[in-house]
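2 protein chains.
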Amino acid sequence: MSLRNLLIRTIHQKNTFINFASVAVRSNQNKHEHSEQRSKYYGKAVAAAALGSVLIGSSISEHMDKKKVSISKHKTETTSEQIVEAGAKRPDLPTYRADEVSKHDTKASFWVTYKHGVYDVTEFLPSHPGGEQILNAAGLSIEPFWNVYGMHKTQEVYKLLETYRIGNLHEDDVVDHTDDELWVKEPFRDKRLIVKTAKPFNAEIPAKLQIEHFDTPNELFYVRQHMPVPELDASDHRIRVLIKDESTIIKEFTLQELDQFERHSIRAALMCAGNRRSEMNKVKPVKGISWAGGAISNAVWSGVYLRDVLLSCGVDPEHTEGKHVIFTGSDIDATGVNFSTSIPLDMALNPNGRILLATQMNGVTLPADHGYPLRVVVPGAPAVRSVKWLESITVSYEESPSHWHQKDYRSFNPSKTWETADFPSAPPVYSLPVTSAICDPQDGERVPVRDGFIEVRGYAYSGGGAKILRVDISPDRGESWVQADRVVADEAPHQKHYAWTLWTARVPVSKDQKEVELWAKATDSNFNTQPEKFDDIWNIRGILSNAYHKVTVKLQH
Amino acid sequence: MSLRNLLIRTIHQKNTFINFASVAVRSNQNKHEHSEQRSKYYGKAVAAAALGSVLIGSSISEHMDKKKVSISKHKTETTSEQIVEAGAKRPDLPTYRADEVSKHDTKASFWVTYKHGVYDVTEFLPSHPGGEQILNAAGLSIEPFWNVYGMHKTQEVYKLLETYRIGNLHEDDVVDHTDDELWVKEPFRDKRLIVKTAKPFNAEIPAKLQIEHFDTPNELFYVRQHMPVPELDASDHRIRVLIKDESTIIKEFTLQELDQFERHSIRAALMCAGNRRSEMNKVKPVKGISWAGGAISNAVWSGVYLRDVLLSCGVDPEHTEGKHVIFTGSDIDATGVNFSTSIPLDMALNPNGRILLATQMNGVTLPADHGYPLRVVVPGAPAVRSVKWLESITVSYEESPSHWHQKDYRSFNPSKTWETADFPSAPPVYSLPVTSAICDPQDGERVPVRDGFIEVRGYAYSGGGAKILRVDISPDRGESWVQADRVVADEAPHQKHYAWTLWTARVPVSKDQKEVELWAKATDSNFNTQPEKFDDIWNIRGILSNAYHKVTVKLQH
Numbered sequence: 001m002s003l004r005n006l007l008i009r010t011i012h013q014k015n016t017f018i019n020f021a022s023v024a025v026r027s028n029q030n031k032h033e034h035s036e037q038r039s040k041y042y043g044k045a046v047a048a049a050a051l052g053s054v055l056i057g058s059s060i061s062e063h064m065d066k067k068k069v070s071i072s073k074h075k076t077e078t079t080s081e082q083i084v085e086a087g088a089k090r091p092d093l094p095t096y097r098a099d100e101v102s103k104h105d106t107k108a109s110f111w112v113t114y115k116h117g118v119y120d121v122t123e124f125l126p127s128h129p130g131g132e133q134i135l136n137a138a139g140l141s142i143e144p145f146w147n148v149y150g151m152h153k154t155q156e157v158y159k160l161l162e163t164y165r166i167g168n169l170h171e172d173d174v175v176d177h178t179d180d181e182l183w184v185k186e187p188f189r190d191k192r193l194i195v196k197t198a199k200p201f202n203a204e205i206p207a208k209l210q211i212e213h214f215d216t217p218n219e220l221f222y223v224r225q226h227m228p229v230p231e232l233d234a235s236d237h238r239i240r241v242l243i244k245d246e247s248t249i250i251k252e253f254t255l256q257e258l259d260q261f262e263r264h265s266i267r268a269a270l271m272c273a274g275n276r277r278s279e280m281n282k283v284k285p286v287k288g289i290s291w292a293g294g295a296i297s298n299a300v301w302s303g304v305y306l307r308d309v310l311l312s313c314g315v316d317p318e319h320t321e322g323k324h325v326i327f328t329g330s331d332i333d334a335t336g337v338n339f340s341t342s343i344p345l346d347m348a349l350n351p352n353g354r355i356l357l358a359t360q361m362n363g364v365t366l367p368a369d370h371g372y373p374l375r376v377v378v379p380g381a382p383a384v385r386s387v388k389w390l391e392s393i394t395v396s397y398e399e400s401p402s403h404w405h406q407k408d409y410r411s412f413n414p415s416k417t418w419e420t421a422d423f424p425s426a427p428p429v430y431s432l433p434v435t436s437a438i439c440d441p442q443d444g445e446r447v448p449v450r451d452g453f454i455e456v457r458g459y460a461y462s463g464g465g466a467k468i469l470r471v472d473i474s475p476d477r478g479e480s481w482v483q484a485d486r487v488v489a490d491e492a493p494h495q496k497h498y499a500w501t502l503w504t505a506r507v508p509v510s511k512d513q514k515e516v517e518l519w520a521k522a523t524d525s526n527f528n529t530q531p532e533k534f535d536d537i538w539n540i541r542g543i544l545s546n547a548y549h550k551v552t553v554k555l556q557h
Numbered sequence: 001m002s003l004r005n006l007l008i009r010t011i012h013q014k015n016t017f018i019n020f021a022s023v024a025v026r027s028n029q030n031k032h033e034h035s036e037q038r039s040k041y042y043g044k045a046v047a048a049a050a051l052g053s054v055l056i057g058s059s060i061s062e063h064m065d066k067k068k069v070s071i072s073k074h075k076t077e078t079t080s081e082q083i084v085e086a087g088a089k090r091p092d093l094p095t096y097r098a099d100e101v102s103k104h105d106t107k108a109s110f111w112v113t114y115k116h117g118v119y120d121v122t123e124f125l126p127s128h129p130g131g132e133q134i135l136n137a138a139g140l141s142i143e144p145f146w147n148v149y150g151m152h153k154t155q156e157v158y159k160l161l162e163t164y165r166i167g168n169l170h171e172d173d174v175v176d177h178t179d180d181e182l183w184v185k186e187p188f189r190d191k192r193l194i195v196k197t198a199k200p201f202n203a204e205i206p207a208k209l210q211i212e213h214f215d216t217p218n219e220l221f222y223v224r225q226h227m228p229v230p231e232l233d234a235s236d237h238r239i240r241v242l243i244k245d246e247s248t249i250i251k252e253f254t255l256q257e258l259d260q261f262e263r264h265s266i267r268a269a270l271m272c273a274g275n276r277r278s279e280m281n282k283v284k285p286v287k288g289i290s291w292a293g294g295a296i297s298n299a300v301w302s303g304v305y306l307r308d309v310l311l312s313c314g315v316d317p318e319h320t321e322g323k324h325v326i327f328t329g330s331d332i333d334a335t336g337v338n339f340s341t342s343i344p345l346d347m348a349l350n351p352n353g354r355i356l357l358a359t360q361m362n363g364v365t366l367p368a369d370h371g372y373p374l375r376v377v378v379p380g381a382p383a384v385r386s387v388k389w390l391e392s393i394t395v396s397y398e399e400s401p402s403h404w405h406q407k408d409y410r411s412f413n414p415s416k417t418w419e420t421a422d423f424p425s426a427p428p429v430y431s432l433p434v435t436s437a438i439c440d441p442q443d444g445e446r447v448p449v450r451d452g453f454i455e456v457r458g459y460a461y462s463g464g465g466a467k468i469l470r471v472d473i474s475p476d477r478g479e480s481w482v483q484a485d486r487v488v489a490d491e492a493p494h495q496k497h498y499a500w501t502l503w504t505a506r507v508p509v510s511k512d513q514k515e516v517e518l519w520a521k522a523t524d525s526n527f528n529t530q531p532e533k534f535d536d537i538w539n540i541r542g543i544l545s546n547a548y549h550k551v552t553v554k555l556q557h
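Protein sequences appear in the order of chains V and W. FYI, the numbering for the first sequence is 1 to 557, going by my numbering. FYI, the numbering for the second sequence is 1 to 557, going by my numbering.
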């Protein structure tokens, strides 16, 4: 069943509108441990998905027979006449926290949860009809898996499960898994990512890892999803190009057919327009994922130029006025609408823009989380324009009509509220302003002083093809500035420069100083700089949060 | 005699190094009236220059005969044996201020000055051998003219002059004209321009005039010169294109030959990198002309694309790395060196860059002050790159070696001093950051309040092809912001947008408020904004001075 059908079935059968935003917010409100626990699901779930056909291929009754065998082996007896509500609270049993359960994630001690129930299923492992994929649920809830593999949801299985019952999951750790069937096929995610919301999956790269590599390893690249990750296959994936001019021209390309165009590689950072929102949030709360500075990563993308594809389809580069290019992804929201956004045609055709239809990231096939098998990469633009899982390109007199394009990624002055902000009149964000962040040391850390200096490291970036020319650090709230002297940057010239810049500064501190407040400020090749404070760039959506990064650290003399 | 020869003669014969910078500074220190008086010279002098050949064509002795006739007519007698020092102080005569003298500028009452002397030459007018060009000196010093037309510098003429003596020029109004021969052929300048330095001529457009026209009338376009304006002739002007690659290719084009390329018109503001320096100057003094906000104007430029010319000369657009395009003007400094600067070749060939070799400004032939007969226009760059009086274009592996390129128009952090700033390591400014200014009302003005609002008007601009998306005004130091609602802008899209933007905002004020401090802040299409204060962008040269514009005005309820 396709994800779209699954969704539509969900909506119609259950008559439940799945509010993704509220899932995200709810999830975000959970404790950090909790988020990490959730992220584990998705990591394991990908293996389960791969093995799914094995399970589905076997006969249910066959599994049941095996399960009956295991019942008799177990210590606790239940009668087969009783109606069992699996995972109901059991006041007679002890309570466990999720983090305690999660420690039992090996074949030697294998615990799972289901609703309020905690189960030690170590002994059951060898007889699991689905084989080793049960290992993906080690220390976690089995509910998301059962939501997908619904054959588990029978009295027989419930009874079997309750025979392994050892306790109750702490009230605060019980998660609503009703829509997990949409999410269970999410790809594996590196555990080092800091999960901000689990569904959709949004996770940032930890600051110190961020600056360890100039090109971020794919598994550490921050992840920003609006919806579940669609399952696509490169071998039969096609993109449609629609030119809505006087009459509509439609062309289709398989990935193989795209190879007719010259291949190019572009080094480009992608940054969420909401990166560093958590700092703006401190001025006055804003709506959106509370990213620290980890919603930016850098990679080399390979593919063909969008420009070449559009020109081959007959798009006229001399008549771009008022036209837009709409990118539509395969990811679908709860109402069955595909993700989409657009950029102006003029921008799409700009030879310096180097917009790619990319199939590779850092030399390997795009990971599922980053758009497998085909995504757009719009260098210099907020990453939302770099549509993943691309399935169509439409040249149109209209911008994308989608919610994500019309009602998001637009900016207002600090006095505009959700009531007074007029989205249609605000221009969409197609290019990002200059920013920088201190990644090492982190706020509150102890830092060794050597010969009167501390070492400060971070990144800087500017959109629209601008290059970082200088990063200055102040150790005294702007009284003096030290220029970062070790800078790693891409060779590309101004106006075609899309990578980030990593920098290191040697900052002087005095002998009697116990702590220091560090300010970071970048200057780009248009000589734009960051504003000092967030106050005057505050906006309801918390985007474009590019004021000086300020951290206070303790000095170890 | 060419300006270059004139200069070299000046240097060698007089053994005097003419320090243009010190002339400028000296001139700048003069009172404003004084500057205006000086600007008058240059206005009149252009006519004198045009008529110069008439005078030179006549025989000197012939003039002398006529002058002898006029001597006998005059009231004051001098003996021909006496050595006369024209313009020496005469304690027996009254003292006049320059502004009094300047009122006698008609045929009915015609006064001039020479060194300390004031002369009423009304009666002499009909017998002037050079005819009516004497009218160009009405109410002014004749010294600059005599510096050029040296045949006046004889005892006979001095004696004749002294017969018209009526007084002494006030000590404060006596100007050193020794180098005026370099400057006398300067073009006519509109008296409404605010002269910052007379030699070289640098003048800004008054704020209220600035926003009266979207395309600034040529005569009001701010003027920024580094040297005297060269005299060139379109009919025999040629530009050389030198491609210094493996071997040097040299091509030459007359202006007519440039017409082989397609003609284009681009609307672009030009702004001096030092515009608004006077505000940065208040933080801590900086070096440079103390511009208010008037060193930016907007025009439609017409000509051919530099890109087309370079490609026709065989420049390879695929191999631009490390190469530069040096523009050399016909204006020459005191050491005989032509003005020059450069831009990266990649920038020169950027199709979106729309760099022009322009012959027209707002539909008419370029005025002398703006580069007649040919100038470069590099939209989005500091105006210094838009070299006037273009005489050669060199594609080279080196940037321009000139002082103006190597030792100016580069920026440093606020802690760098003239001693510590390392010019070679600082990247040249090739693109300007976002800025804005309030032009009406001006600081300190009284403003009428209508229905609880005042009207505030100004301009905004961003370099590198960025467009202004929003201008916000705060009447309460950032507590609240009002978006300017009436905005005049060019249609060109982001990345090709080079014009300025004029804006009007309706700003609310309260009934009991007596004055209001207004802050203006622009946001461009890269979503860069201005810094609030000048402190953190302060730099020794005072360039890129783009913090919020702040004015305090009195309210008339």
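Calculated from the structure, these hints are not laboratory results. Note that the Cβ used here is the ideal one computed from N, Cα and C, for glycine as well. Warning: the hint list may mix true and false statements.
[Unchecked claim] Calculated lysine to aspartate or glutamate pairs in the EDC-like style (CA-CA distance at most 20 Å, straight line):
1) W/Lys550 to V/Glu532
2) V/Lys496 to W/Glu479
3) W/Lys550 to W/Glu479
4) V/Lys103 to V/Glu85
5) W/Lys284 to V/Glu123
6) W/Lys284 to V/Asp476
[Claimed, not checked] Okay, the calculated bits of chain W under chain V, using three or more residues with CB under 8 Å as the criterion:
7) 84-92
8) 110-124
9) 214-228
10) 405-415
11) 458-470
Against the structure, the hints:
With a CA separation close to 17 Å, the supplied pair W/Lys550 and V/Glu532 stays within the 20 Å bound. Only pairs whose Cα atoms come within 20 Å are accepted, and V/Lys496 paired with W/Glu479 is rejected, the gap being roughly 38 Å. Taking the CA atoms of W/Lys550 and W/Glu479, the gap is about 14 Å. The hint holds against a cut of 20 Å. A C-alpha spacing of about 26 Å is found between V/Lys103 and V/Glu85, which places the hinted pair above 20 Å, so the restraint is violated.
For the proposed pair W/Lys284 and V/Glu123, the alpha carbon gap of about 78 Å is over 20 Å, so the pair is violated. The suggested pairing of W/Lys284 with V/Asp476 holds, with an alpha-carbon distance near 18 Å, which does not exceed 20 Å. For the region 84-92 of chain W, the stated coverage by chain V is not satisfied: 0 residues place a CB nearer than 8 Å to a CB of that chain, which falls below the threshold of 3. Counting residues of the region 110-124 of chain W whose C-beta sits closer than 8 Å to any C-beta of chain V gives 0, which falls short of three, so the coverage hint is violated.
Counting residues of the region 214-228 of chain W whose beta carbon lies closer than 8 Å to any beta carbon of chain V gives 0, which falls below the threshold of three, so the coverage claim is violated. Interface restraint, the region 405-415 of chain W with chain V: holds (4 residues with C-beta to C-beta distance below 8 Å; minimum three). With a threshold of 8 Å between beta carbons, the proposed coverage of the region 458-470 of chain W by chain V holds, since 6 of its residues qualify and at least three are required.
The structure fails to meet hints 2, 4, 5, 7, 8, 9 from the earlier list, while all remaining hints are met.
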